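One letter stands for each residue in the lines below.
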Amino acid sequence: MGNTWVALKGMLEYIGLEVIVPPPITKDTLTLGVQHSPEFACLPLKINIGNLIEAKRMGAEVFIMAGGAGPCRFGLYAQLEKEILQDLGYEYDSFIIEPPDTGYWQFLRQIKRIVGHASWWRVFQGVRFGYQKALAVDKLERLLEEIRPREVVKGTGDKIFQNALRIIDQAQNFGELEESYILSREKLRHIPQDEEKEPLKIGLVGEIYTMLEPYASLEIEKKLGYMGAEVHRSIFLSDWIREHLFLKAKAKSFRNFAGPWLNHFVGGHGQETIGAGVVFAQAGFDGIVQVAPLTCMPEIVAHNIFPEVSRNYGIPVLNIYVDEQTGEAGINTRLEAFLELLQARRKPMRKGTADPVPSPGAVSTSQASTNAVSTSTVFTSAAQVSGAGNEAADGEIAGCDGGKEAGKDSLTM
Amino acid sequence: MSDKVGIPRALFYHTYYPLWRAFFGELGVETIVSPETNKEILNEGIKHVVDETCLPVKVFFGHIAELNKAGVDYLFVPRMVSVEKKAYICPKFMGLPDMLRASKLAHLALIMPVINLVKAAQAEEQFILESAAPFTGNRRLIKKAWRVALQEQQGHEENLRRKALAVNADSGSAVRRKITESGWKNDDLTILLLGHDYNVYDRYVNMGIMEKLRHLGCQVVTSALLSREERELRLKQFPRSVFWTYGRNLMGAVFRFFDYAGKKGVIILSSFGCGIDSFIDHFIMRRLAAQKIPYLNVVLDEHTGEGGLNTRLEAFIDIIQWRRDYHQSYISTYGQHVGRS
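Residue numbers (my numbering), protein chains in the order written: chain V, 1 to 413; chain L, 1 to 341.
Bear in mind the hints are in silico, worked out from the structure with no lab data behind them. There's no promise every hint is true.
To be verified - Taking lysine to any residue and the SDA-like style, the derived pairs with C-alpha atoms no more than 20 Å apart in a straight line are:
| no. | chain 1 | residue 1 | chain 2 | residue 2 |
| --- | --- | --- | --- | --- |
| 1 | L | 236 | V | 83 |
| 2 | L | 104 | V | 259 |
| 3 | L | 292 | V | 107 |
| 4 | L | 86 | V | 96 |
| 5 | L | 104 | V | 330 |
| 6 | L | 104 | V | 312 |
| 7 | L | 47 | V | 307 |
| 8 | V | 82 | L | 228 |
| 9 | L | 236 | V | 79 |
| 10 | L | 119 | V | 105 |
| 11 | L | 86 | V | 105 |
| 12 | L | 119 | L | 228 |
| 13 | L | 104 | V | 313 |
| 14 | L | 144 | L | 25 |
| 15 | L | 85 | V | 307 |
| 16 | L | 104 | V | 311 |
| 17 | L | 104 | V | 88 |
| 18 | L | 119 | V | 264 |
| 19 | L | 86 | V | 107 |
| 20 | V | 82 | L | 237 |
| 21 | L | 144 | L | 289 |
| 22 | L | 86 | V | 311 |
| 23 | V | 201 | V | 83 |
| 24 | V | 82 | L | 240 |
| 25 | L | 119 | V | 313 |
| 26 | L | 47 | V | 313 |
| 27 | V | 82 | L | 25 |
| 28 | V | 82 | L | 144 |
| 29 | V | 82 | L | 301 |
| 30 | V | 82 | L | 2 |
| 31 | L | 85 | V | 264 |
| 32 | V | 82 | L | 285 |
| 33 | L | 86 | V | 259 |
| 34 | L | 292 | V | 86 |
| 35 | V | 159 | V | 5 |
| 36 | L | 86 | V | 312 |
| 37 | V | 82 | L | 47 |
| 38 | L | 104 | V | 260 |
| 39 | L | 292 | V | 83 |
| 40 | V | 82 | L | 238 |
On a predicted model such as this, the values are computed, not experimentally measured, just so you know.
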């Protein structure tokens, strides 16, 4: 998932295990995953299955997967993957790690089972090393987010960042890591930039997988950057590790800003999504983009609440759901339209002239955001119509997969 | 004049209405339930939530709109986080009150207590106090009302279970006899109708699937046939803990159904976009396929069309029928094969 592999590989190799990094996610990965996953499962699961199959072909023997205790579907991923892979005839040993939130000792025992002989000190250092790597990558990525809209030659930052990932991955100890981090940071800072420019500021919020894995969200972050917007993402891997593994920093969590809109934990990152939206709005951002896999339950709750947040803070929100049917051109058009809308909003305010819209700013933005909401549903409602249009009878009879396939075909209409 | 509390005939109504009616009744509060779901209610509901939301939640919002007109004083919309240890209901149930507030649909005073028994089974005291807060602060009265209500609910569940278990006994009903005379012989076929309570018991949403099945001459059982204890026992067959209450019900019922006698089939009712069912149904279908039990997966959404459902149900029943006939005719006489090779 995204650049997570750098940190995980760092951690496991430090402990003394051999790690196989699955190839980067491609269309093939997704196709493999979609073929073998339940139709209505969310996108991350489908990609996961594809990854696991590809890794198996490269010779992996064990997969390590996080567990969970709900209410998000992720908690049952590992079990479902195990069963699907078994049916496909891929022999995998699986380790399911329950998150430490549910019990620290149990968590440590599971780790110990995976690492075998390594001493606890080694394990501890390994985890710390992995975390440091994650932190380094995340800091560079934050820098990159600021550079993308401003760099003179588009793409320079990303090239340097890719190189940085490689050298951070190669770092074998804390010293080397520090060195490679500082080197990459300086390289990034020396990219020629347009200092005058005041890019639009966009808050990117949503479900963690689509946040961290660029392929899943069709590289929305990069796209926005190249279209000239400074993107701030709500979730970074190192934050997640800090909160869930070290059980720290809960006080700083976005969750605390979700009230009064969303007052209860709804699983996944639903509450963080709303909270981050509020934080970005208060910080004077120009707009918010929410990204989530189709049918993601926590994000649908957040989506339902966003219009209200949008109305209240006068900040436009664009909601994007992704699944295997999502087309790139459609996303591009919507992002461009959204940015143009934000730019148009900004101009009169900058010049200090009267608002061209007679109604107060907050109201007009809320209209804009509802427009955005309705366009955001074009894809998915098309899927609903054709997927269920056959008299709400989209399904399958035992031993007959024809119905499922037919349903898929009709989606491409 | 006593206060009136409005309860939408959606979602948790289908599971817990007896409990709440008794609870509020004991407190001297009248409960008003919205009418049965119909097209207007559904259309109204669709207007107030985003498209991605699942059908039951859309229906729920329609019922809220309906209650706005019904002249009630309060709306009862509890935040059903969890009703048992280590299991949640569903993220959408957890965010329901917030979604309702964001939609600005409800004009009435809301009663929105939180019930969360994930960590401890005793956390319900806060819930009942909050539920009763607008009417009385008398702890003793509230607790007594709750005890009565729990009993009522237990009786209700017991009743459902008895009915489900007695299904084999009442094969002499008029409809079935008529069908048998007309040449249909499905009266020995048992169908397990699997679905969340709000889909199984809402006749508009599921297009009367239960009646349809009975008219086809099948006996229908639901996950209500399981007691809590038995469900837990059956669930031990599954290697991991299922952390959704509805998921547990469905899975437990399937495991129980495996040792049901006679011809049988399973119909899985789920809502389009239901995250829980996308996984649970898959687990269930794998196991049904392994056991060679025929199953049919019906996905519900607002684009309802009854014709399609009828066709599929009939086809499904036919398939089970053929399987049986095939097996029956395949008794070879000594030394030679008969019928299909």
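Here is how each hint holds up against the structure:
Taken as a hint, the residue 236 of chain L and residue 83 of chain V pair is honoured in the structure, with Cα atoms around 17 Å apart against an allowance of 20 Å. Taking the CA atoms of residue 104 of chain L and residue 259 of chain V, the gap is about 16 Å. The hint holds against a cut of 20 Å. Proximity of residue 292 of chain L to residue 107 of chain V is assessed by CA-CA distance (about 38 Å); at most 20 Å being required, the pair is judged violated. For the proposed pair residue 86 of chain L and residue 96 of chain V, the alpha carbon gap of about 18 Å is at most 20 Å, so the pair holds.
In summary, the hint linking residue 104 of chain L to residue 330 of chain V is not supported, as the alpha carbons are separated by about 31 Å, beyond the 20 Å threshold. Only pairs whose Cα atoms come within 20 Å are accepted, and residue 104 of chain L paired with residue 312 of chain V is accepted, the gap being roughly 13 Å. A threshold of 20 Å between alpha carbons decides the hint, and for residue 47 of chain L with residue 307 of chain V the separation of about 14 Å falls inside it, so the pair holds. Distance hint between residue 82 of chain V and residue 228 of chain L is unfulfilled; the C-alpha atoms sit about 28 Å from each other, more than 20 Å.
For the given pair, residue 236 of chain L sits about 15 Å from residue 79 of chain V by alpha-carbon distance, which is consistent with the 20 Å threshold. Pair hint residue 119 of chain L plus residue 105 of chain V holds up; C-alpha atoms about 18 Å apart against a cutoff of 20 Å. Between residue 86 of chain L and residue 105 of chain V the alpha-carbon distance is near 18 Å, which keeps this suggested pair within the 20 Å criterion. As the CA atoms of residue 119 of chain L and residue 228 of chain L are separated by approximately 18 Å, the hinted pair is consistent with the 20 Å bound.
About 16 Å separates the Cα atoms of residue 104 of chain L and residue 313 of chain V, which keeps this hinted pair within 20 Å; it holds. For the hint linking residue 144 of chain L to residue 25 of chain L, the alpha-carbon distance of about 12 Å falls within 20 Å, and the restraint holds. Distance hint between residue 85 of chain L and residue 307 of chain V is unfulfilled; the C-alpha atoms sit about 34 Å from each other, more than 20 Å. A C-alpha spacing of about 12 Å is found between residue 104 of chain L and residue 311 of chain V, which places the hinted pair at or below 20 Å, so the restraint holds.
As the CA atoms of residue 104 of chain L and residue 88 of chain V are separated by approximately 49 Å, the hinted pair breaks the 20 Å bound. With a C-alpha separation of about 16 Å, the suggested pairing of residue 119 of chain L with residue 264 of chain V holds against the 20 Å cut-off. Of the supplied pair hints, the one linking residue 86 of chain L and residue 107 of chain V holds, its CA atoms being roughly 18 Å apart against a limit of 20 Å. Of the supplied pair hints, the one linking residue 82 of chain V and residue 237 of chain L holds, its CA atoms being roughly 16 Å apart against a limit of 20 Å.
The straight-line distance between the Cα atoms of residue 144 of chain L and residue 289 of chain L is roughly 48 Å, outside the 20 Å bound, and the hint therefore fails. Between residue 86 of chain L and residue 311 of chain V the alpha-carbon distance is near 37 Å, which puts this suggested pair outside the 20 Å criterion. For the given pair, residue 201 of chain V sits about 44 Å from residue 83 of chain V by alpha-carbon distance, which is inconsistent with the 20 Å threshold. At roughly 12 Å between alpha-carbon atoms, residue 82 of chain V and residue 240 of chain L fall within 20 Å of each other, so this suggested pair holds.
Distance restraint check for residue 119 of chain L and residue 313 of chain V: the Cα-Cα separation of roughly 36 Å exceeds the 20 Å cut-off, and the hinted pair is therefore not satisfied. As the CA atoms of residue 47 of chain L and residue 313 of chain V are separated by approximately 23 Å, the hinted pair breaks the 20 Å bound. A distance of roughly 49 Å separates the Cα atoms of residue 82 of chain V and residue 25 of chain L; the hinted pair therefore is violated under the 20 Å criterion. The suggested pairing of residue 82 of chain V with residue 144 of chain L is violated, with an alpha-carbon distance near 48 Å, which exceeds 20 Å.
For the hint pairing residue 82 of chain V with residue 301 of chain L, the CA-to-CA distance comes to about 30 Å; that exceeds 20 Å, so the pair is violated. For the hint pairing residue 82 of chain V with residue 2 of chain L, the CA-to-CA distance comes to about 57 Å; that exceeds 20 Å, so the pair is violated. A distance of roughly 18 Å separates the Cα atoms of residue 85 of chain L and residue 264 of chain V; the hinted pair therefore holds under the 20 Å criterion. About 15 Å separates the Cα atoms of residue 82 of chain V and residue 285 of chain L, which keeps this hinted pair within 20 Å; it holds.
The straight-line distance between the Cα atoms of residue 86 of chain L and residue 259 of chain V is roughly 25 Å, outside the 20 Å bound, and the hint therefore fails. At most 20 Å may separate the alpha-carbon atoms for a hinted pair to count; residue 292 of chain L and residue 86 of chain V meet this at roughly 19 Å. Taking the CA atoms of residue 159 of chain V and residue 5 of chain V, the gap is about 18 Å. The hint holds against a cut of 20 Å. Of the pairs offered as hints, the one joining residue 86 of chain L and residue 312 of chain V is violated, with about 36 Å between alpha carbons and a cut-off of 20 Å exceeded.
About 40 Å separates the Cα atoms of residue 82 of chain V and residue 47 of chain L, which puts this hinted pair outside 20 Å; it is violated. Among the hinted pairs, residue 104 of chain L with residue 260 of chain V is consistent with the structure: their alpha-carbon atoms are about 14 Å apart, no more than 20 Å. With a C-alpha separation of about 18 Å, the suggested pairing of residue 292 of chain L with residue 83 of chain V holds against the 20 Å cut-off. The hinted pair formed by residue 82 of chain V and residue 238 of chain L meets the criterion: a straight-line CA distance of about 13 Å does not exceed 20 Å.
Checked against the numbered hints listed earlier, the structure breaks hints 3, 5, 8, 15, 17, 21, 22, 23, 25, 26, 27, 28, 29, 30, 33, 36, 37; every other hint is satisfied.
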